[in-house]
Every structure is written in C-alpha cells, then in structure tokens.
Amino acid sequence: MRRSALFSWLQAAPLALVLAVFLVVPMAMIVVVSFFDYSAFALIPDFVFTNYQEAFGSAVTWRTFGKTLWFAGLTWAITLSIGFWLAYYLAFVVKGEMTRTVLFVLCTVPFWTSNLIRMIAWVPFLGRNGLMNQALIGMGAIDRPLEFLLFSDFAVVLAFVHLYTLFMVVPIFNTMMRIDRRLLEAARDAGAGFWHTLWCVILPLCKPGIGIGSIFVIVLVMGDFATVRLMSGGQSASVGLMISNQIGLMQYPAAAANAVGLLAMVLLLMAAILRAIDIRREL
Amino acid sequence: MTKTTITRRGALALGGAALGSGAITGFPTLWAQNIRDITLRQVGTGVSGLNAIAEQVKKDLGFTLQLTIGDTDAVAQRAATQARAFDVADIEYFSIKKVFPTGVMQPIEVSRIKLADKLVPIFTSGKLTPTTTPGQGTAPHTVGYVEGATSTKFAAAPTGWMTLLPTIYNADTLGIRPDLVGRPIRNWRDLVDPAFKGKASILNIPGIGIMDAAMVMESLGQITYGDKGNMTRAEIDKTIAFLIEQKRAGQFRAFWKSFDESVNLMASGEVVIQSMWSPAVAAVRSRNIACTYQPLEEGYRAWGSGLGLAKHLTGLQRDAAYEYLNWYLSGWVGAYLNRQGYYSAVLDTAKANMSENEWGYWMEGKPATAPIMSPDGKEMEKAGAVRDGGAFADRMGKVVCWNSVMNEDRYMVQKWNEFIAA
Amino acid sequence: MPGRLARFLLTALFVLFLAFLYGPTFTITVLSFQGPDGGLTFPMNGVSLHWFGRLFATQAVGDIGAALQRSLALAAMVTVSTVVVSLAAGMAFRRRFPGGTALFYLTLASLIVPSILVSLGVGLLFNLMEWDTNWYSSGFGAQLTWTLPFGLLIMFAVFNRFDRAWEEAARDMGATPWQSFLHVVLPIIAPSVVGIALFGFTLSFDEFARTLMTAGSGNTLPLEILGMTTTVTNPVLYALGTASTALSFLVIGGAILGVKVLRKRGGG
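Just so you know, the protein sequences line up as chains R, S and E, in that order.
For the first sequence, this note's numbering begins at 3 and goes up steadily by one.
For the second sequence, this note's numbering begins at 1058 and goes up steadily by one.
For the third sequence, this note's numbering begins at 34 and goes up steadily by one.
Just chain R, with the same shape it has in the complex (with noise of 0.2 Å):
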C-alpha cells in the first residue's frame, strides 16, 4: 500500500513542482510586492497599505470592479443560452460520431489564427464602413451605419461572447453525452413531453457542465484586458486593463494591490461554484 502512494506521489510531483514555482511563488510574490512602496523610478521593499488605501478607496476602481462584473455575468448568461443549445444539437440532434467531430473541428479552426489577428479585424466587420453596415445597407434593413456595433459595451460582450462560448459547450456537451439514453427513454415512456424532460432530467444531470463552463465563462472575462481595450476603443475599463495599465508604467505595486483584489474575488466565485458541484467525482 504504502509504496504504491509513494509511487503516485513521484509520478504527480512533476506536476506539483511547475505549479509550485510558477504558480506559487509567484502568487505569493504579488502579495509581497503588493505591500511595496515604489517611486516613478523603483520599487522600495517596504510593508506600507498605501497601495490598498489608494485602490480600495477609491470609487474608480470599486466601479471598474462593478463594470468588470456586469461583463463577466452579461457574458455568462449569453454563453450560458447560446452554449446551451449548441451543445444540446452536438449531443442529442447530430448522429454520428464523424459528423460530431468534423462540427467540432469546425468550431475549433477559427481559434488557431493569432487571436490579435482577428481582433484587428473586428474593425473593418463591424465598423461604419465595414462589411457588417455595408451588408445591412445594402439588404435596405438600415440606411445610416450602426454605430454602436464597434467601439462600444456591446462591441465587448459581442467579442467575449465570441471568444469564450466554447468553453461553455464543451463541459455541458460532455455531461450530456455522458447521459444514460435510456433515462431519455423512460421519460419519454412516462410521457414527459420535450420541455418537461429537459427541465427534469437534462438540465440536472447537466448542472456539473454548466458549473465547469460557468468557471472558465467568468474567470477568462474577468482577467481579460486585450478585448476590452481594442473593442470599447479604449473607452470601457476592466480590470485586468487596469492592471496591465499599471503594469506598463511600472507601477507594480499598485498592480500588485489590485491583482490580489482580483484573485480573491476570482477564488470566492469559484468556490461558490464549486459547492454546487462536486467537480471531483462529476468529471
């Protein structure tokens, strides 16, 4: 017994050690140099709260915090809709596990072109002359350009929502395909109409899905700073823009402040989610 625990431990401590120096450390290091003071210069190693008075005190970054929220749970439920059902037609409305793959693939193939690149290009889509306004002009639904599509919230949230919905029909589409049919089966034999299954037994038995992708949704939006920035044309703040702003003038310090004001609220989204489900023995 004993050797054969000693045995895991070797094989996992690859993995225990990268996370150890590259996670870590360097987590405990943001909280070190959180307390730092610094010049326009330098740091100065030092254990002052000025960086936290300075952030948490101020409205700007409790309403930067809000907004930051307000995108994460606007794309959540967005994702959460639209992933929902996509991930219901992979699973139950497809046959064929070939025809399933190649949709996926599909799906997949526009994230492996640089992800700046296509940022860029969101531009000359949605912009006054972009192709967007032009196809909607020319279909006479509209005769003056819309300018809300880009450098805008909605911009964002479109963005996000074309970034991240994956991450949320992956999970989902793993647990329902992890649904025994014949519980399907009895329900229909029971005479439970489409709605009522769905309600009773899919969207339970999908709840440790919904819960996984509900993580990655919210996380990946909540450190985002290059969406943000390119597609509110610089307008809207987030916080991880505040930080890489912070960053780029070397304001590390105050960056570290907010990094830990970031993580924690991060880690108590996740464990709220994590009561629900228990990701362990759902996975």
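There's no promise every hint is true.
Cross-link-like lysine-lysine pairs, in silico, DSS-like; alpha carbons within 27 Å at most [said to hold, decoys possible]:
hint, chain 1, residue 1, chain 2, residue 2
1, S, 1116, S, 1175
2, S, 1295, R, 69
3, S, 1408, S, 1171
4, R, 97, E, 297
5, S, 1439, S, 1423
6, S, 1304, S, 1254
7, S, 1184, S, 1171
8, S, 1408, S, 1175
9, S, 1408, S, 1423
10, S, 1435, S, 1408
11, R, 69, S, 1254
12, R, 97, E, 293
13, R, 69, S, 1304
For the record, the hints were derived by calculation from the structure and aren't laboratory data.
Note that the coordinates shown come from a computational prediction; the quantities given were computed from them, not determined experimentally.
Put chains S and E on the given structure of chain R with help from the hints.
Below, chains S and E without anything else, positioned relative to chain R:
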C-alpha cells in the same frame, strides 16, 4: 522593398556625397578579428527598429544588430526590469527619466562620440536657436546628462556623460481628414468641437495623452498651466474633469494606443480628427486617402528618443556599441529616418545622404521638384507638394511642450484611469 | 428525440453560430487579397496575391520568421511536457496519495488565476531573483500553468470512465505494470492523449497574456505581432492570418486521420 534598391540608393547617395564630407567613409573603424561574432541586442519600438537598419549595420560594421520591438511602455519596462536581456535600448527621453535612475544603464562618454558638437542644440541646451524658449515638460536636455560616470542623477547642464545618444525626434500635432472635416482647422481646441462629436480620438498613453488634453484646454482658454509637463494636482484634476465631460458627451469615437489603431481609425473614416504621429499620416496618405498633419497656432508637442547602453556592456561589445552609436549619426540612418518624416539628431550628415529635392521637401519646406519616395520605394508625394507644417525651423521652432513624466505621475495615472473608466 | 421543428431551429442556430465565429476570419481572408496599396480596413484597395508574397520576404519591422520558429519550438516543448506530465499525474490520481486533494485544487486554481496575474508574478519573481527571463524558461513555465490543468482535467475524465478490467486481464497474463501501461492503457487512452497534445499546442501557440512579461529578449509570434502594430502594419498580417487558418485546417485534418487510424488499430 528589396536589398538591391537600398544598396543602389545608398550607393548613389554615397557617390554624390563622398566628394563632400568625409564622415561617411571611415567605417568600420573596429578591425577586431572576431567583430563578426558580436551581436548587439536592441530593444525599441517599431519607429526605429527597422530591419533595413540592421541590414546596413551588418554591411557597414560587420556585426549583427538583433532587434526586439514593443510599444513605448513595454520597451521602457523591459529596459528597466529585464536589464540583461538587451545591450542597446532605443527609448524616448521621457522614459529615460524613469529608467536611468534604476541603474540599469551606463552613461555614454561624450568624448567617444565623434559628432557630439554637431548635435542639434535642442538636445544640449534646449534651444533650437538662441532665441527660442525651451519647451515645457521633460525636455531632452533636462534628462540628457548625468553628473558623472557612475552617477544616476540628472545634471542641470551638459556634462561629459550622456544618458542617451539623441537619434530621432519630431513635432506632433493633430491629424485630420481634410475631405471629411469641412472647414479649416487652426487650433488645438478644434479637437473638442461639437461638430466632430463621435468622430474625434485621443491617444491613450497617459503621459502623452494628457499633454494633448492640456494643449486643448489652453487653447480653449480654460486654464493656463505653470508647466504642462509637470502639472500640479489641481491642474490634473481640472484637466481630467474636462476630459471626462467630453467623453460623457460622446465626443470621442475611440482611443488609440498603438500606431496601427490610429491609422485604421483615420483610414476607415471612423475618426476625422485625432492625436496622431507623423508616419501614421504618411501611411494613410499612401492609401490614396487625404490626410493632413495640421500645423496649429498654439504650437507642437514634441518627443525625442535616443540610444542608451546597458550597464553590463564591457570590452569588445562596448566598443562595438560605441561604433554603432557613431555610425548611427554618420548619415545613412539619419537620411533614412528623415525620409519618413522624422528628424535626425545630426543634420549635416543626413543632408549629405539625401538628394537636394528630398532635403528641400522634408527639411526646408520647399515644394518638391520631383515625386518624393518612401524608403521602400513607393511614391508618397507628387512634385509640387509641400510638407505639412513647412520647414524644420517652423516645426521644431514652435515646440511648446515635450512628452513628459511628471512629479505627480502616480496621481496623474490614477486620474487617467478614472477618465478611462468614466 | 426532439421534434422536427426543434431540429430545424437548432440546426439554424448552429449554422448562425458558425457564421458568427467565422466572421473575422472571413474578413481577414478577404482583406488579405488586397493590392499593394491596401490597408487594414475597408474600402478594399485592389486585388492581388501581393501580400502572400511579402509574407516570406523581409518585413520593414519585425521578424515573422524568427518569431514563428520560437513559437513553434515553445509550443512543441509545451505540448510534449504537457502530455508527459498530465499522463503521469493522471496515473497518480487513480490512487489516493498524501497531498492529492491539495494538488487537485491547486491545479484548478492554476486554471482560474487570470493570465495577467501569472505573467506579473513570474516576471516579478525572475526580476527579483535576478534571473534572466526567456521564452524557453520563464515563458515556458508560465504557459505550462495554463496547459497542464487542461491536460489533467482531460485525464480525469478519461480515467473516470476507464475500465480496469483490461489492466487486470493484462496482469493476470503476467505483464509488468510498465508493460500493461504501454500495451494496454496507452492504446486505449491514445485518442485523449492526442487531444491533450492538440490542446497544449493550440493554447501555447496563440498565447500572449502569460508570455507578455516573461518572454525576455526574443518575441514569440503573438508578441511580435503586437510589436509590429506599434508601427504601420499592412495586410501582411492578414496574409499571415489566412495562411495560418489554411495550415490549421491541414493539421487538424491530419490529426483526425491519425485518430481514425489509431482507433482502427486499437479496435482490431
């Protein structure tokens, strides 16, 4: 753009100029056996991190120049925090104000720079001519020299030790789409004209954007700054409040952070008036879209950048670096950069490498006698065109402020974030 | 199970979604065929293959070739390490061992910590310890914190459904643990291992948030692209995008074929 074109152009220029100054010949001066093994790693922005320069270095000097490019903030950051990852830093003077005191760079011995006395006086005394006033803000001459070989304290007057070797600079103003704007633009305050609501943009780099905002506010008469480049907290508050008001009123379509974004905003017509950089205007024009770099009554905001040496450089690498620095001022690079609309820190050698037509157009504000070509061979301007803003003295002589790092930098950034989040 | 109307609506939704996903990709492809005067936005300026030709020539700024090489090398390193480490850890988690639960939650945390924080933390660590940052050391480690959790989660999913009967049969026939791993377990989970490899490669190749502060003096491809946007770029970027999309189709097509072949062999 092919290598042969450059070589031919270079040869023509050299041929014509060889009769004149002897400064171009004389490279390489380092004849060490292993000079070809030397690699100098340069970190800088895309402004001067040009592959053409690296190619020419290999040809003229024998060693390899390896370029890593990033945006202004990333470059300053790498210089300050990843000091052993580069040998030469190509950064702006306002960045060096933050970077040099961290001790990651070594000062440059002026005595080893052959053309030190030919540097444009803006970098040494701060005055283009004896009668111009130095611009406000972090003017290069205020952070250009340190007190001694091991000092990190900026000197008040030129010493024998430079922080950066000046290389490029320019005077910035607003760029406009003359075909979409509908009226002549004369003042900085036109940026916030309600007629351009939803069609204006401003730069989202705090240290620079706030200067543009300051120019606008002074133009409106709303405030007179003591030193735009070093604002007091009250001045910062007022400026940011003004910006927030404009943002809420929907004046700005977007903010841009990278060069590219500014070009796209203008070229696609999303924006008709914005803070802009000179080559961005040229880029929009090269797509046959009208774009003007508009000289304004109140003057220009300027920036300057230079080359600095990493502290860890010693021995042969250091010698190679000095070789590179001297070569940079010797004319080929100067001419190359002048042709893109920037100015070179040593003008005489650049002039020797440019045709009379080019010099007349880019530097003297004269109409072009023949089409003006970009460094990669495309036609940029037709004969008869005049450079926006005119001659060198007209533009650099009207510099009112420089890109800056303020004493209240920390506060300013906080307030700027407030503006973005509003 | 769902009725015809539902089937139709769902298919329509899927198609619309695909169109949405491909919108930017489509824009990129169209714009990459511009003539020499083209820019990054509409209106289009001529039609030609000019920019594809320029893709392989020296650029005015930026070195796509070298950055691409670094990105490929890094992605290869990350892929191999992710597969090996995830496999080992996945095998480890089939039993209980001291610290197992903590390690599991740590891995989850690694997935959840925003990329920019990892970048900041690793950058600060290397800076304060006065180690050099490099794409093959700090950048490599930072990317692993992103790919390893994915690998581990996939391994969990696989082993939870794994039928131990096969292994027991192998052991009854006298195979050593290593042999039973190599000849029984591995072939069965091979498609998932390929999946982990694909995931690892994809996540690494396009990653920039974690490498932003940890790459040192050589840029990876995404960072190089970011650097190139600091000066005038041209449709070369779009040509790059189109080329990489085409390449992806090829690679994924190859991977699917590979999986099919493995399945045939495993089943037969």
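Check your understanding: Taking 27 Å as the top limit, are the C-alpha atoms of residue 97(R) and residue 297(E) close enough?
Key -> 20 Å, holds
Check your understanding: Does residue 1304(S) lie within 27 Å of residue 69(R) when you go C-alpha to C-alpha?
Key -> 17 Å, holds
Review point. For the pair supplied as a hint, residue 1184(S) and residue 1171(S), is the alpha-carbon distance within the 27 Å limit?
Key: Given pair residue 1184(S), residue 1171(S) holds - Cα atoms ~22 Å apart, limit 27 Å.
**Study point:** 27 Å Cα cutoff - pair residue 1408(S), residue 1423(S)
**Key:** 15 Å, holds
Review point. Can the restraint linking residue 1295(S) and residue 69(R) be considered satisfied, given a maximum Cα separation of 27 Å?
Key: Holds: residue 1295(S) and residue 69(R) sit about 25 Å apart, inside 27 Å.
Review point. Do the alpha carbons of residue 1439(S) and residue 1423(S) lie within 27 Å of each other, as the hint requires?
Key: 13 Å, holds
Exercise for review: Measure nothing beyond the straight line between the CA atoms of residue 1435(S) and residue 1408(S); if it is 27 Å or shorter, mark the hint as holding.
Suggested key: 21 Å, holds
Check your understanding: Under the criterion that the straight-line Cα-Cα distance not exceed 27 Å, is the pair residue 1116(S), residue 1175(S) satisfied?
Key -> With Cα atoms ~25 Å apart, residue 1116(S) and residue 1175(S) stay inside 27 Å; holds.
Practice item. Decide if the proposed pair is consistent with the structure: residue 1408(S) and residue 1171(S), CA atoms, cutoff 27 Å inclusive. Key: 17 Å, holds
Check your understanding: Is the Cα-Cα distance between residue 97(R) and residue 293(E) 27 Å or less?
Key -> 18 Å, holds
Review point. CA of residue 1408(S) to CA of residue 1175(S), is that 27 Å or under?
Key: OK: residue 1408(S) and residue 1175(S) at ~13 Å, within 27 Å.
Point to revise | Satisfaction of hint between residue 1254(S) and residue 1304(S), Cα-Cα up to 27 Å | key: 10 Å, holds
When each numbered hint is compared with the structure, no violation occurs for any of them.
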